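A.B. asks: Spelled out, the chains give:
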Amino acid sequence: MSRDPARLLAARVGSYRPNAIVSVLRSAYPVVIGLVIALLLQAMIAPKLGPFYAKLLLDIGIAIVLASSLNIVNGFAGQFSIGHAGFMMVGGYAAALITYYGSIKFGWLAPGAYGVDVHGGFLGSGDALFLFSCVFGGVVAAVAGLVVGLPSLRLRGDYLAIVTLGFGEIVRVLVQQTSDVIDPAKAAGASWLDAAKALGGPLGFTGTPTYVSPTPWLEDASGQQTGHAGIFFTFAIVSILLIACYRLKTSSHGRALLAVRENEIAAEAMGVNTSRAKVVAFVMAAFFAGVGGALFAHEVGVTLNPKELGFQKSIDIVIMVVLGGMGSITGVVLAAAILTLLPELFREFAEYRMPVYALALIIVMIVRPQGLFGIKELWDLAFWRRYVVPLWRKVAGGWLIPRSRQHPPAAIAKDLSSRDDDGAPKGAP
Amino acid sequence: MSKLLQTLVNSIALGSLYALIALGYTLVYGVLRFINFAHSDVFTVGAWASFVLATTLGFAVTDTPMYAMPLILLASMAICAGLGIAIETLAYRPLRRAPRLNVLITAIGVSLFLQNVGQLKFVFGTQPQRMPPLIEDRSLVEILGVHIRLVDVTVVLLAGFLLFSLEALIYRTKLGRAMRAVSFDERTASLMGIDVNRIISITFGIGSALAAAGGLLFALKYESIKQSADATWVLLGLKAFVAAVVGGIGNVRGAVAGALLIAFVEMFGAAYFSPHMRDLYVFVILIVVLLVKPSGLFGKAVVEKV
Chain U
23 MSRDPARLLA
33 ARVGSYRPNA
43 IVSVLRSAYP
53 VVIGLVIALL
63 LQAMIAPKLG
73 PFYAKLLLDI
83 GIAIVLASSL
93 NIVNGFAGQF
103 SIGHAGFMMV
113 GGYAAALITY
123 YGSIKFGWLA
133 PGAYGVDVHG
143 GFLGSGDALF
153 LFSCVFGGVV
163 AAVAGLVVGL
173 PSLRLRGDYL
183 AIVTLGFGEI
193 VRVLVQQTSD
203 VIDPAKAAGA
213 SWLDAAKALG
223 GPLGFTGTPT
233 YVSPTPWLED
243 ASGQQTGHAG
253 IFFTFAIVSI
263 LLIACYRLKT
273 SSHGRALLAV
283 RENEIAAEAM
293 GVNTSRAKVV
303 AFVMAAFFAG
313 VGGALFAHEV
323 GVTLNPKELG
333 FQKSIDIVIM
343 VVLGGMGSIT
353 GVVLAAAILT
363 LLPELFREFA
373 EYRMPVYALA
383 LIIVMIVRPQ
393 GLFGIKELWD
403 LAFWRRYVVP
413 LWRKVAGGWL
423 IPRSRQHPPA
433 AIAKDLSSRD
443 DDGAPKGAP
Chain L
553 MSKLLQTLVN
563 SIALGSLYAL
573 IALGYTLVYG
583 VLRFINFAHS
593 DVFTVGAWAS
603 FVLATTLGFA
613 VTDTPMYAMP
623 LILLASMAIC
633 AGLGIAIETL
643 AYRPLRRAPR
653 LNVLITAIGV
663 SLFLQNVGQL
673 KFVFGTQPQR
683 MPPLIEDRSL
693 VEILGVHIRL
703 VDVTVVLLAG
713 FLLFSLEALI
723 YRTKLGRAMR
733 AVSFDERTAS
743 LMGIDVNRII
753 SITFGIGSAL
763 AAAGGLLFAL
773 KYESIKQSAD
783 ATWVLLGLKA
793 FVAAVVGGIG
803 NVRGAVAGAL
813 LIAFVEMFGA
823 AYFSPHMRDL
833 YVFVILIVVL
843 LVKPSGLFGK
853 AVVEKV
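Sequence lines, in order, name chains U and L.
Numbering-wise, the numbering used here comes out as the position in the first sequence, counting from 1, plus 22.
Numbering-wise, the numbering used here comes out as the position in the second sequence, counting from 1, plus 552.
Treat the hints as calculated values from the structure; they're not laboratory data.
Since the structure is predicted, the reported quantities are computational estimates derived from the model, not experimental observations.
Even glycine gets a Cβ: it sits at the ideal position worked out from N, Cα and C.
A hint or two may mislead.
[To be verified] Result set (PhoX-like, lysine-lysine): computed pairs, CA atoms no more than 25 angstroms apart in a straight line:
{"hint": "1", "chain 1": "U", "residue 1": "Lys335", "chain 2": "L", "residue 2": "Lys778"}
{"hint": "2", "chain 1": "L", "residue 1": "Lys778", "chain 2": "U", "residue 2": "Lys329"}
{"hint": "3", "chain 1": "U", "residue 1": "Lys219", "chain 2": "U", "residue 2": "Lys208"}
{"hint": "4", "chain 1": "U", "residue 1": "Lys271", "chain 2": "U", "residue 2": "Lys416"}
[Unchecked claim] Derived CB-CB ranges, DEER-like:
{"hint": "5", "chain 1": "U", "residue 1": "Arg298", "chain 2": "L", "residue 2": "Gly712", "range": "45 to 51 angstroms"}
{"hint": "6", "chain 1": "L", "residue 1": "Pro827", "chain 2": "U", "residue 2": "Ser213", "range": "26 to 32 angstroms"}
{"hint": "7", "chain 1": "L", "residue 1": "Ser776", "chain 2": "U", "residue 2": "Ala218", "range": "32 to 38 angstroms"}
{"hint": "8", "chain 1": "L", "residue 1": "Leu849", "chain 2": "U", "residue 2": "Leu71", "range": "39 to 45 angstroms"}
{"hint": "9", "chain 1": "L", "residue 1": "Val844", "chain 2": "U", "residue 2": "Leu168", "range": "19 to 25 angstroms"}
{"hint": "10", "chain 1": "L", "residue 1": "Val844", "chain 2": "U", "residue 2": "Met66", "range": "44 to 50 angstroms"}
{"hint": "11", "chain 1": "U", "residue 1": "Ala218", "chain 2": "L", "residue 2": "Arg652", "range": "37 to 43 angstroms"}
{"hint": "12", "chain 1": "L", "residue 1": "Gln679", "chain 2": "U", "residue 2": "Ile287", "range": "52 to 58 angstroms"}
{"hint": "13", "chain 1": "L", "residue 1": "Arg682", "chain 2": "U", "residue 2": "Ile287", "range": "54 to 60 angstroms"}
{"hint": "14", "chain 1": "U", "residue 1": "Leu175", "chain 2": "L", "residue 2": "Glu688", "range": "51 to 57 angstroms"}
{"hint": "15", "chain 1": "L", "residue 1": "Gln679", "chain 2": "U", "residue 2": "Gly323", "range": "26 to 32 angstroms"}
{"hint": "16", "chain 1": "U", "residue 1": "Ala218", "chain 2": "L", "residue 2": "Leu560", "range": "36 to 42 angstroms"}
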């Protein structure tokens, strides 16, 4: 064995790298926690709150998916897009196409029944089809994102915004050209191509199965299944998206995006492949917007309607991102929740609600131009550091937070700083 | 042949309407470099204000006198000019140094505000209305079986008159020179003794007055006035905005050319292909033009400096 100190140190650094299983588990555990939270929301909160608030919870979840996905392209990469509802519409219609015509083709329809109902229990065949449709919707939207992202290499700022706006409008017009949804009695014989041409047109896609419903999936007293685990699925997707956002933001890819946002020329000079970064941001954002659209398409009490998913919807999503703070994950989540709740809470002032909302938006923009959180996250705020962190330390100190929370690389850095340049301990001859 | 002529007449009339709105977008972009999303709502207010004036002054029931139309035109232009200046002073001026995105969101806020205040009971209400005919509905001449209506001629002549006056204002007067200077370089303009804030206010006023004229002409031509938060206004505003972009935003003559181009494409597409896809043609033209020439047909390419 060699006594060369540099080689010893290298061996030590190597030993800090966790093995494959540990690293997979380490990156999977936030998702597991997210799934558990989603399950708890579904199983415990939803029955207690009643259908109205449970539906509100669903709306908030979907708003978070849409706003956080726009945050990737708008907040991280700084590419201003005001056609996000277009991606949502692409994903939603693709998913509705799969579940509606799919469940008819699979023969999941009670004889004589009109419209398509949910099929199978929790994580049963119906849920499998629904989850597949979410991914499919996301992929189709991601392809659209690639198509819109490519012009972003040529256009900047306002002009890019205009192109995304044009994209959203074109999608809306194209959807409006489709014919009425094929009646379930006849749809079994229709080919997928025919089905894709029958998306409901201007009236909207009626009869999509309501997999995203707030009522619990448990059976009621008569053994009849009453709903589907919509809150679980929605918040499972929310947690996956938020973890993806967080890991993106703290990775070198995310820093490349932030660099593009701050100064494209400087980023390029630093070796960032700006074209690639921008297109990747567009594709990712479009994928999750498509998934959000798929959730929206299967939500209870929602008819997928091209008019509703037009320019106005895109603007709603942009407002959430800007109000939350462009690039702040937690800020955008908070803004999405607040902006979904507020109109419901002020429902009794029906007529004055919108003017006040608009006025509040103008005032917030003048008084606090950087949005609620600016670029910071919740845990960066002075309030959080001063009050929540000490409290957390006090409560969880002994048993939840490990005694030595020193991150291995930090330990190495400390180790290195205590050595001379040649790797020998400081002060050694 | 008569179909061709009819489409031609329609597209010229529609193009002049688009031009009147597009100029507001392009003027504001010229001096402030941002997309004024509230502009289509100023146009809406113009249409509604002229309706309210016409009905309260009693032109709806009695025979319309000759002076009715100019009177209402001037009044609604004055109202909207005031509105535009008020919006600029209250909402946009505090954000002069803020990032452009904030100004954009503020403009959206102003747009939502105008739409929804317009829907209140004591303002314009939530019901669509019918504009009283201020101009006699008769055809002037008949060419190849196509009646050229007095309304269309009025729309085109009035729009043309306003456009030429604006052209004269911008290129022949001291005020216009100041506007061009602010648009060219705000900082240097203020060093040369130009009151930049005043010029920006005036620009907003002019753009809004033109939108008001467009609103009145729109109401006269199409008669039905939808409630202020209706999606048709937003779409109309978006198309006019597309016209401004296609012509090269910030360029006054380009906006007129873009408006005519958009109207021609829309009308001929609707007449000869599918009438349901008229919005599609407009936005496809937009994307094609931006991809081929990102600064618009008549815009100058901006060189980015480090």
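A.B. asks: Each hint: holds or not?
C.D. replies: Hint-by-hint comparison with the structure:
1. Lys335(U) / Lys778(L): Within the cut-off at roughly 20 angstroms; holds.
2. Lys778(L) / Lys329(U): Distance of about 16 angstroms is within 25 angstroms: holds.
3. Lys219(U) / Lys208(U): 15 angstroms, holds
4. Lys271(U) / Lys416(U): 29 angstroms, violated
5. Arg298(U) / Gly712(L): 45 to 51 angstroms: Holds, at about 50 angstroms.
6. Pro827(L) / Ser213(U): 26 to 32 angstroms: The hinted range 26 to 32 angstroms holds for proline 827(L) and serine 213(U), with Cβ atoms some 28 angstroms apart.
7. Ser776(L) / Ala218(U): 32 to 38 angstroms: 36 angstroms, holds
8. Leu849(L) / Leu71(U): 39 to 45 angstroms: 56 angstroms, violated
9. Val844(L) / Leu168(U): 19 to 25 angstroms: About 20 angstroms separates the Cβ atoms of valine 844(L) and leucine 168(U), which means 19 to 25 angstroms holds.
10. Val844(L) / Met66(U): 44 to 50 angstroms: The hint (44 to 50 angstroms, Cβ to Cβ) is violated, given that valine 844(L) and methionine 66(U) are roughly 57 angstroms apart.
11. Ala218(U) / Arg652(L): 37 to 43 angstroms: 40 angstroms, holds
12. Gln679(L) / Ile287(U): 52 to 58 angstroms: Since glutamine 679(L) and isoleucine 287(U) have Cβ atoms about 54 angstroms apart, the given range 52 to 58 angstroms holds.
13. Arg682(L) / Ile287(U): 54 to 60 angstroms: 56 angstroms, holds
14. Leu175(U) / Glu688(L): 51 to 57 angstroms: 55 angstroms, holds
15. Gln679(L) / Gly323(U): 26 to 32 angstroms: 27 angstroms, holds
16. Ala218(U) / Leu560(L): 36 to 42 angstroms: 38 angstroms, holds
When held up to the earlier numbered hints, the structure conflicts with 4, 8 and 10 and fits the remainder.
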